[in-house]
Every structure is written in structure tokens, then in C-alpha cells.
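Can you build the whole structure from these sequences, using the hints too?
As you go down the protein sequences, you meet chains A and B in turn.
Numbered continuously in our numbering, the first sequence closes out at residue 679.
Numbered continuously in our numbering, the second sequence closes out at residue 127.
Derived by calculation from the structure, the hints in this document are not laboratory data.
Treat each hint with caution, since some may be false.
Claimed, not checked - Using 20 Å as the maximum straight-line C-alpha spacing, the simulated DMTMM-like pairs for lysine to aspartate or glutamate come out as follows:
#1 B:K59 / A:D623
#2 A:K581 / A:D623
#3 B:K73 / B:D100
#4 B:K19 / A:E610
#5 B:K59 / A:E610
Unchecked claim - Calculated from the model, a selection of chain B residues having no Cβ within reach of chain A, i.e. all distances over 10 Å:
#6 N39
#7 E62
#8 L105
#9 K126
Just so you know, even glycine gets a beta-carbon here, dropped at the ideal spot from N, CA and C.
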Amino acid sequence: GAGVSQTPSNKVTEKGKYVELRCDPISGHTALYWYRQSLGQGPEFLIYFQGTGAADDSGLPNDRFFAVRPEGSVSTLKIQRTERGDSAVYLCASSPQDEGTQYFGPGTRLLVL
Amino acid sequence: QKEVEQDPGPLSVPEGAIVSLNCTYSNSAFQYFMWYRQYSRKGPELLMYTYSSGNKEDGRFTAQVDKSSKYISLFIRDSQPSDSATYLCAMSWAGNMLTFGGGTRLMVKP
Chain A
567 GAGVSQTPSN KVTEKGKYVE LRCDPISGHT ALYWYRQSLG QGPEFLIYFQ GTGAADDSGL
627 PNDRFFAVRP EGSVSTLKIQ RTERGDSAVY LCASSPQDEG TQYFGPGTRL LVL
Chain B
18 QKEVEQDPGP LSVPEGAIVS LNCTYSNSAF QYFMWYRQYS RKGPELLMYT YSSGNKEDGR
78 FTAQVDKSSK YISLFIRDSQ PSDSATYLCA MSWAGNMLTF GGGTRLMVKP
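Written out as C-alpha cells, the structure reads:
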């Protein structure tokens, strides 16, 4: 079946601009996660949704970052007033409700100039 | 000190060798342990999933968890050039957010 999909695959923007990154989880998966991966590092947790609500947003670095999942399926990560330090690969993962396994998408490579 | 430590490598081995990859961690609450494989410019791919302590085998891969030592391992038998990738260990305490190691880059030479 279809895996987790993310769009766009690459995004180049200028410092100060607003960006939206989209994640389509595996059908039927109720849990959805966003992570950020810098070059040569492991992914770092940003936010976790169970259904439509953010169950844990403790990893969001500041209030420029926000994520939504209005219908409990597709999620959008929104970054306001982008900074060069936001450049990274943004990964989305989904999981069945009662399992710990997470399945990752290919990521969105964000470059802030 | 990071919660999960992993030697970044690179680790270079000849084809057919047995590979041992390891992580140590500091949070004794971790209960779920995973290994992911990540090819260049791709997302992490789940290889092995273990709950609590013990061994788990799947084909050429064996995962071991020693909670008393806070140490987990992944063994790859009969390594192939296609195994060349970065291997990430990951763990969680309640089956939710994952804490990752920094990854070990593995190169298997023909």
C-alpha cells in the first residue's frame, strides 16, 4: 500500500518568508509525528498528533513553528518568518494507534537563503 | 550529554562481514527500541522493533537490547554493498515520540 508522502520534496525560500510543508500519513494511522533532521544528525522530535489534536508539541523550537491536522489525516507544518537556521530536512511519520512503530516519509528539504 | 549516543563512523567492512552497530542511552524509562536504515536523501526505513529486553532476529538482522546496561545492538550477517547506508537507533518510553541517536554510517565494500 501507499506509504507516507510529503510535499514539496524540496523548498527554497528567502529569510523572513512563510512556508507550509504537507504530510499525508498512511491510511488509517491515527498518530502523526513531525521531526527535523540536520545534516549528519539524527531526527529530532517536533510535534505529535493523536487524531486531530496535538498531544505533545514540546519539540517545537519557538512560536514561529505551528502545525495542524484539522481532519485527523493530512497535516501541515507552518513556519513563519523563516531563518537560515531553519534549513533542514523535515520528516513526517505515522503510526497505528496501538503500536510504537513509526513509518517515515521521504522528507521535505528546506533551504532558507 | 545526549540521551542516546551512537558512534558516527564511518564503519567500513568487506562484503560478507558481520557488522555490529551499537547505541547507549541514559534514560532508564525507554521501553521501545528501533533500528532504522537511511539511504542518502531518503527517509528512515524501519528495520527492527523490540519491546523491552531480549533478542529479535529477522533474516540477516539481529537486534539485541540489554536494559541493565542501557545498551542496544544491531548485527548484520553476510553484509552486502546494498547495506551501505546510515543506521539510526531510536527509542521511546511510551510508544510515542522517538529519541534518535546521531546515526552510524556504514560502507560495505565489494
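Now the hints, each set against the structure:
1. B:K59 / A:D623: Measuring from Cα to Cα gives roughly 25 Å; hence the hint is violated.
2. A:K581 / A:D623: violated (24 Å)
3. B:K73 / B:D100: Holds: K73 (chain B) and D100 (chain B) sit about 19 Å apart, inside 20 Å.
4. B:K19 / A:E610: holds (12 Å)
5. B:K59 / A:E610: Holds: K59 (chain B) and E610 (chain A) sit about 16 Å apart, inside 20 Å.
6. N39: With a cut-off of 10 Å, N39 (chain B) remains clear of chain A, as the shortest Cβ separation is near 14 Å.
7. E62: violated (7 Å)
8. L105: violated (5 Å)
9. K126: Nearest chain A Cβ is 22 Å from K126 (chain B), so the label holds.
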